[in-house]
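Protein chains: 2
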Amino acid sequence: MKLSLVIAESALELVPEEIRLSPAVVNDAKRRERDPSKILLDRSLHHAAMVRLKEDYKRGRPDIVFMTLLSVTGTPLYEEGSVKVYVHTRGDVVLEIAERTRLPKSYFRFRNLVEKHLSEGSSNELIRVRELNIRELLRKVIKPDFVAGLSTQGKSETLEDLAETLVGRTNPCVVIGGFPHGHFSAGTLAVLDELVRIHSRALDAHVVASRAVYEVEKRLMRADA
Amino acid sequence: MKLSLVIAESALELVPEEIRLSPAVVNDAKRRERDPSKILLDRSLHHAAMVRLKEDYKRGRPDIVFMTLLSVTGTPLYEEGSVKVYVHTRGDVVLEIAERTRLPKSYFRFRNLVEKHLSEGSSNELIRVRELNIRELLRKVIKPDFVAGLSTQGKSETLEDLAETLVGRTNPCVVIGGFPHGHFSAGTLAVLDELVRIHSRALDAHVVASRAVYEVEKRLMRADA
Numbered sequence: 009m010k011l012s013l014v015i016a017e018s019a020l021e022l023v024p025e026e027i028r029l030s031p032a033v034v035n036d037a038k039r040r041e042r043d044p045s046k047i048l049l050d051r052s053l054h055h056a057a058m059v060r061l062k063e064d065y066k067r068g069r070p071d072i073v074f075m076t077l078l079s080v081t082g083t084p085l086y087e088e089g090s091v092k093v094y095v096h097t098r099g100d101v102v103l104e105i106a107e108r109t110r111l112p113k114s115y116f117r118f119r120n121l122v123e124k125h126l127s128e129g130s131s132n133e134l135i136r137v138r139e140l141n142i143r144e145l146l147r148k149v150i151k152p153d154f155v156a157g158l159s160t161q162g163k164s165e166t167l168e169d170l171a172e173t174l175v176g177r178t179n180p181c182v183v184i185g186g187f188p189h190g191h192f193s194a195g196t197l198a199v200l201d202e203l204v205r206i207h208s209r210a211l212d213a214h215v216v217a218s219r220a221v222y223e224v225e226k227r228l229m230r231a232d233a
Numbered sequence: 009m010k011l012s013l014v015i016a017e018s019a020l021e022l023v024p025e026e027i028r029l030s031p032a033v034v035n036d037a038k039r040r041e042r043d044p045s046k047i048l049l050d051r052s053l054h055h056a057a058m059v060r061l062k063e064d065y066k067r068g069r070p071d072i073v074f075m076t077l078l079s080v081t082g083t084p085l086y087e088e089g090s091v092k093v094y095v096h097t098r099g100d101v102v103l104e105i106a107e108r109t110r111l112p113k114s115y116f117r118f119r120n121l122v123e124k125h126l127s128e129g130s131s132n133e134l135i136r137v138r139e140l141n142i143r144e145l146l147r148k149v150i151k152p153d154f155v156a157g158l159s160t161q162g163k164s165e166t167l168e169d170l171a172e173t174l175v176g177r178t179n180p181c182v183v184i185g186g187f188p189h190g191h192f193s194a195g196t197l198a199v200l201d202e203l204v205r206i207h208s209r210a211l212d213a214h215v216v217a218s219r220a221v222y223e224v225e226k227r228l229m230r231a232d233a
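Protein sequences, first through last, are from chains W and E.
Numbered per the working numbering, the first sequence spans residues 9 to 233.
Numbered per the working numbering, the second sequence spans residues 9 to 233.
Calculated from the structure, these hints are not laboratory results.
Glycine is no exception: its CB is placed at the ideal position from the N, C-alpha and C atoms.
Don't take every hint at face value.
[Said to hold, decoys possible] In silico DSSO-like links for lysine-lysine, alpha-carbon gap of 30 Å or less:
#, chain 1, residue 1, chain 2, residue 2
1, W, Lys-38, E, Lys-124
2, E, Lys-163, W, Lys-226
3, W, Lys-226, E, Lys-226
4, E, Lys-226, W, Lys-163
5, W, Lys-124, W, Lys-38
6, E, Lys-38, W, Lys-124
7, E, Lys-226, W, Lys-10
8, E, Lys-124, W, Lys-226
[Claimed, not checked] A few chain E residues that face chain W, going by a derived Cβ cut-off under 10 Å, partial list only:
#, residue
9, Leu-53
10, Arg-69
11, Asp-71
12, Met-75
13, Ser-79
14, Arg-108
15, Thr-109
16, Tyr-115
17, Thr-178
18, Tyr-222
Construct the complete structure from the given sequences, taking the supplied hints into account.
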């Protein structure tokens, strides 16, 4: 079994054109000696400019992807090559993270890495960049035999029971939202076989991801033992 | 039951005097318009200067504390007030994090917050700063009825079994290393009732912390149900 984990509709993008001339963005770019078109949109730095953006409350949170990736790539299940991670952004760009890769643990280095890949559209042995919507990602790349989305809008199920289902498949896929507020779009909901709620309140993506990987890992190790 | 979690001997400190005039530090401080004595030592930024420091391989990793704090404070168990977190640094400063607090998810904001507390030695309703070694922290502040340290040098036990022991106590304490390499010091080992190994290889502190909290949370919720 190989688990695919998709961080979907992630609040990860370069600063969009509409606000590249705003003081918050220009100052940040200047301090970093970068072009404003090549830096990540970040609410903690560009808040003042972001009010002008459509759906601004769901955008500019690269920390969500960073935390979620680290919480998964630090696990034994990932280290042994049984988890593959895909970051799908709200702009339909997919970052495919190579298996068994150790990503930078420093946020500065992570940011530089992602900015390089997004602004150049370039791939290397660590990260492959492609323009794909979530339907294309699942149909053409992952080709899963079961897809579970995690959302407070789903039917209540324990993560233990979900993990039991996942390890019974060959190529299961778990979809987690990479945004701070709100719910999956219709496009994401349409690709799911099941929508599962593991807790009554919304949990941070990194908490959901690390728990899902842990429960699958425990079941696989028990099966191995 | 209230779980105390101690991130011990953490690689968190302000830039020490010996390297405050080094180019790597001066440039970083200048870019941030700060005094070099008031910025966090960070290997990803000050690597070139750090070779001159004693035990440099165990120092300058504020990302470990950041990730571990977020992985704990995002959990339902923490949100309901059943976990208290203490950051003990290798310089014997303790940051006591208030219960049910949401810490900054942006690394920039977290860094600013910690720099302020460490350079001023100041406390507020979010973080209390005290000079305490780990023995004093346990004896005078936490007063636990059971202390388990997690280390690959310990005796093998599953986290489920450890969690079972923890929830049977009133004031259990779990100690996790907040450093990148090596093992607990003799001073830390001396305060532990048990030293437990939950995995054959060393795991990142945030992985250990999030799993420990999750297993305790599951047991408490089952007991509640």
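Going through the hints against the structure:
For the given pair, Lys-38(W) sits about 25 Å from Lys-124(E) by alpha-carbon distance, which is consistent with the 30 Å threshold. Using a Cα cut-off of 30 Å, the hinted pair Lys-163(E) and Lys-226(W) holds, with the two alpha carbons roughly 19 Å apart. Between Lys-226(W) and Lys-226(E) the alpha-carbon distance is near 14 Å, which keeps this suggested pair within the 30 Å criterion. For the proposed pair Lys-226(E) and Lys-163(W), the alpha carbon gap of about 19 Å is at most 30 Å, so the pair holds.
For the proposed pair Lys-124(W) and Lys-38(W), the alpha carbon gap of about 17 Å is at most 30 Å, so the pair holds. For the suggested pair Lys-38(E) and Lys-124(W), the alpha carbons sit about 25 Å apart, so the restraint of at most 30 Å is met. At most 30 Å may separate the alpha-carbon atoms for a hinted pair to count; Lys-226(E) and Lys-10(W) meet this at roughly 26 Å. For the hint linking Lys-124(E) to Lys-226(W), the alpha-carbon distance of about 41 Å lies beyond 30 Å, and the restraint is violated.
For Leu-53(E), the interface hint holds, since its Cβ comes within 10 Å of a Cβ in chain W; the closest pair sits about 7 Å apart. With a least beta-carbon distance of about 8 Å to chain W, the hint placing Arg-69(E) at the interface is held under the 10 Å criterion. Satisfaction of the interface hint for Asp-71(E) is found here, the shortest Cβ-Cβ separation to chain W being roughly 5 Å, below the 10 Å cut-off. The beta carbon of Met-75(E) comes within 6 Å of a beta carbon in chain W, closer than 10 Å, and the hint placing it at the interface holds.
Checking Ser-79(E) against chain W: minimum C-beta separation of about 6 Å stays under 10 Å; hint holds. The beta carbon of Arg-108(E) is not positioned within 10 Å of any beta carbon in chain W (closest approach about 13 Å), and the interface hint is therefore violated. Here the hint on Thr-109(E) is broken, as its CB sits about 14 Å from the closest CB of chain W, past 10 Å. Below 10 Å, beta-carbon pairs count as interface contacts, and Tyr-115(E) has one with chain W at about 4 Å; its hint therefore holds.
The interface hint given for Thr-178(E) is violated, since its Cβ lies 26 Å from the closest Cβ of chain W, which is over the 10 Å cut-off. Against a cut-off of 10 Å between C-beta atoms, the interface hint on Tyr-222(E) holds, since the closest Cβ of chain W lies about 6 Å away.
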